[in-house]
Amino acid sequence: AQSVTQLDSQVPVFEEAPVELRCNYSSSVSVYLFWYVQYPNQGLQLLLKYLSGSTLVKGINGFEAEFNKSQTSFHLRKPSVHISDTAEYFCAVSYSGGYQKVTFGTGTKLQVIP
Amino acid sequence: DVKVTQSSRYLVKRTGEKVFLECVQDMDHENMFWYRQDPGLGLRLIYFSYDVKMKEKGDIPEGYSVSREKKERFSLILESASTNQTSMYLCASRRTSGSSSSGTDTQYFGPGTRLTVL
Numbered sequence: 021a022q023s024v025t026q027l028d029s030q031v032p033v034f035e036e037a038p039v040e041l042r043c044n045y046s047s048s049v050s051v052y053l054f055w056y057v058q059y060p061n062q063g064l065q066l067l068l069k070y071l072s073g074s075t076l077v078k079g080i081n082g083f084e085a086e087f088n089k090s091q092t093s094f095h096l097r098k099p100s101v102h103i104s105d106t107a108e109y110f111c112a113v114s115y116s117g118g119y120q121k122v123t124f125g126t127g128t129k130l131q132v133i134p
Numbered sequence: 594d595v596k597v598t599q600s601s602r603y604l605v606k607r608t609g610e611k612v613f614l615e616c617v618q619d620m621d622h623e624n625m626f627w628y629r630q631d632p633g634l635g636l637r638l639i640y641f642s643y644d645v646k647m648k649e650k651g652d653i654p655e656g657y658s659v660s661r662e663k664k665e666r667f668s669l670i671l672e673s674a675s676t677n678q679t680s681m682y683l684c685a686s687r688r689t690s691g692s693s694s695s696g697t698d699t700q701y702f703g704p705g706t707r708l709t710v711l
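From first to last, the protein sequence lines are chains A and B. Reminder that position 63 of the first sequence reads as 83 in the numbering used here, one-by-one numbering, no gaps. Reminder that position 98 of the second sequence reads as 691 in the numbering used here, one-by-one numbering, no gaps.
Honestly, I wouldn't trust all of these hints.
Unchecked claim - So, partial list: chain A residues that the calculated Cβ filter (under 10 Å) puts toward chain B: (1) Q26; (2) S29; (3) Y52; (4) Q62; (5) G63; (6) L64; (7) Q65; (8) L66; (9) L71; (10) F110; (11) S114; (12) K121; (13) F124; (14) T126; (15) G127.
Just so you know, the hints here were simulated from the structure itself, not pulled from any lab data. Quantities reported herein were computed from a predicted structural model and do not represent experimental measurements. Using N, Cα and C, we set each Cβ at its ideal position, and we do this for glycine too.
Work out the full structure: start from the sequences and follow the hints.
Below is the structure:
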């Protein structure tokens, strides 16, 4: 069975500092990996996804993530955060193709401090 | 622009009431999902549907049912609402991909319905 672990429930960081949000997954087969962001009082929207190919994936708003198969990780990074990045971030995993369900992590709240 | 809409942003119901949450997508997606979101628990899948009139139980289906009579609409039903069903409910849709590089496995979410059961 697939599962996702987000190790940090909250991450405070000063504005313009770099940030890394950690995500580890477990699955015995090929997977798709996603990061979603949820701004206050809104639904989730896709930041980036890894389907295949290059292990470094670039997303919207300056975020990127690196797929590491040996460490079963998909950490999200941004070199310089802004106040507007304050949100909750969810890592998710699914099997490739079809209607297989997506399993979400418990979320990491990023709080950017001015 | 893709769109998933949910019938209500906020809903307050009493214990024992029958509650309907509606979700509509305009992207002709085959798959639709209902999640509930609770602090510290992330998103948990209640039910999903991969075609009209087809449904599959997710991780926490107890106390819920669903209906998908048309491709664009997926309804979540609480037959007899209870206080432990107070939560944020999120609907999502997704295309069925034909290959691993098709890039069609993004889920598109609605804005959510915050349900309070008193």
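Original post:
Checked against the structure, which of the hints given earlier come out wrong?
Top reply: Nothing - there is no hint that the structure violates, so all of them hold.
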